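Read top to bottom, the protein sequences are chains W and A. Numbering-wise, the first sequence is residues 1 to 229 according to the numbering used here. Numbering-wise, the second sequence is residues 1 to 400 according to the numbering used here.
Read the hints as simulated data drawn from the structure, not as lab findings. Values in this document were obtained by computation on a predicted structure and should not be read as measured data. Think of the CB as a built atom: it goes at the ideal place given N, C-alpha and C, for glycine as much as any other residue. Hints should not be assumed to be uniformly reliable.
[What the hints assert, rightly or not] Part of the chain A face toward chain W, derived, beta carbon under 8 Å:
no., residue
1, 4
2, 84
3, 147
4, 318
[As the list claims (entries may be wrong)] Computed list of chain A residues with no C-beta within reach of chain W, every gap over 12 Å:
no., residue
5, 231
6, 267
7, 280
8, 321
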Amino acid sequence: MSEALLRLQGVTKIYGRGSAAFQALRGVDLSIAAGEFVAVMGPSGSGKSTVMNILGCLDVPTDGHYWFEDLAVERLTRDQRALLRRNQLGFVFQGFNLLPRTTAQENVELPLLYRREPAARRHGLAREALAAVGLAGWEHHTPAELSGGQQQRVAIARAIVTRPRVLLADEPTGNLDSQTSHEIMELITGLNRDKGITVVMVTHEPDIAAWAQRVVHFRDGRVEREERQ
Amino acid sequence: MIWNTFLLALRAIRRNLLRSFLTILGVVIGVASVITMVTLGDGATRAVSDQIASLGNNLLTLRPGQRLGMGFIGAPAFKVSDAEAIAEQIPGVRAVAPIASRSTTVVAGANNWTTSITGATVSYFDVGNWKLTEGRFFNESEERAGKSVCLLGQTVKRELFGAQSPVGEEIRVKQFACEVIGVLAAKGQSAMGADQDDTIVMPLRAVQRRLIGNTDVRAIMVSVKDTESMEKVKRQIEQLMRERRRLADNEDNNFTIFDTRQIADTLTGTIRVMTTLLGAVAAVSLLVGGIGIMNIMLVSVTERTREIGIRLAIGALERDVLLQFLIEAVVLSAFGGLVGILVALGAAMGLAKLMQVPFLFNPGINLLAFLFAGAIGVIFGFVPARRAARLNPIDALRHE
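Let the hints inform the model, and build the full structure from the sequences given.
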């Protein structure tokens, strides 16, 4: 497994304490190679969102190990994990999570702002990223002026504008109709295929998961089974 | 990065214009009142020192009796010879002016006016720091002869002659006529609130002979060469007067020496204490303004939890978020400080006019109040900003 980009080993996660404690993950081993497109499936409460948060360095395991290449993420500080997110990861959420009353261009520039990129380079990269998701000409529209599919495209542009190695998508099509979902999945698959971005996607829809090369099924905080397609 | 954060803060403030305005109102009022109080205090201090200076520089005034305005019975009056003795025997004295005065009604044509008539020597104009607007002062031969000539203060001139020039005209003082030879420049109110321009000046002998009927001197004004020797000169005059009035060692002085500078110091000291007190009260409202900012920033952080979650998820460090909200608070309070300075400028100018004190722009207090407002932003913005920075990104993203 030396070529693994992301590796979970014996990861457990417990929320709360004492009698209110809830064990979301009960020992997860998972390995994702660079350039893979992996879908994570499972019923609600199966732990798939928790594993996404841990893979996304938004949360830390209660126990077990998470290696990002050879970096032990569970040992990193909050700010070090933020830097990892900033430089290596891109996020796409079900609810798009764009800043309201802020143009598409500015939303996409946001991660570059935190990378201290100079203004001219920010503008150029953001325009490029928006063009790559098919939104050239929509730079100055705010989320309220865009359709759901367009908003998700802006979110994807924001996620890839920093040229991340891993794209983490949490129910990226959850709020979209099937036609738009199809377009978004084509876009994500294209990014994986053409740019070699590793994609990890959580979904509960089998036909969305079908776009991935590998599907990991979760149940009761454990990996139930995996299938390659 | 700071510049971008600054722009971001401006945008957040613009988005909620009314709320931002109400938020900074406390700081505006605080800063404006502090600056207004101090500016007016400065003006009042200046007004008092100007009035004292208008009495004459380095001035000592001798009066018989022991308390201000309460010459007690049995305290002998001064004579002109006392003034001459001071001028001759005390080193460091620039000029000595004995004066006598009496309040009486004067008539010019159909107008009459009750005023104080001061009998003085030529040196009085110099010692008392008087200037002319027209005509001339009387000279020494007129003084020696006790000639019936007079100079009018601005108030007397206005009451008796209106806008006309009184020079060359005659006025009647009791039963004798007096030729007006000059008009004195205005001095305004004295530090005690009396109208210094409500006066007529005549040669001392004329007043003594024709109006009062004795050779007493009501007060002796002494102008001292330099400020440093004031105390020394004062002591020497005291010694000299005790000798001339034949006071035994165990007797108290039966005269008083006033030092205008001392009076000025006392008055300006009082004003300074008042200014500080009022300024301190105003500073409390600045503090209250800071609490207003903290309140609104806390609300803002709660409202924008999701935004904070997004920023943290895409790689904002704790300090990026902390800085964002801190700068927003500082921009708010600094803007409040700026508006407060403008308000204070207008208020202080208006009130200075109303209170008849000069408007003195004090850059120090303006800068201080502005910096204080900024510091209020840092102090009261810190808690909300830290709360924002410490949010858990997952919880923040789920926040509706």
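For each hint, the structure was consulted:
1. Because the smallest distance between the Cβ of residue 4 of chain A and any Cβ of chain W comes to about 6 Å, under 8 Å, the interface hint for this residue holds.
2. Violation of the interface hint for residue 84 of chain A is found here, the shortest Cβ-Cβ separation to chain W being roughly 85 Å, above the 8 Å cut-off.
3. The interface hint given for residue 147 of chain A is violated, since its Cβ lies 87 Å from the closest Cβ of chain W, which is over the 8 Å cut-off.
4. Among the interface hints, the one on residue 318 of chain A holds; its C-beta lies about 6 Å from the nearest C-beta in chain W, closer than the 8 Å criterion.
5. Every beta carbon of chain W lies more than 12 Å from that of residue 231 of chain A, the smallest distance being close to 67 Å; the non-interface claim holds.
6. Annotated as non-interface, residue 267 of chain A keeps its C-beta farther than 12 Å from every C-beta of chain W; the closest such distance is 59 Å.
7. No Cβ of chain W comes within 12 Å of the Cβ of residue 280 of chain A; the nearest lies about 42 Å off, and the non-interface call holds.
8. Consistency note on residue 321 of chain A: stated as away from chain W, yet its beta-carbon is not over 12 Å from all of that chain's, at 10 Å minimum.
In the structure shown, a violation is registered for the earlier hints numbered 2, 3 and 8, in ascending order.
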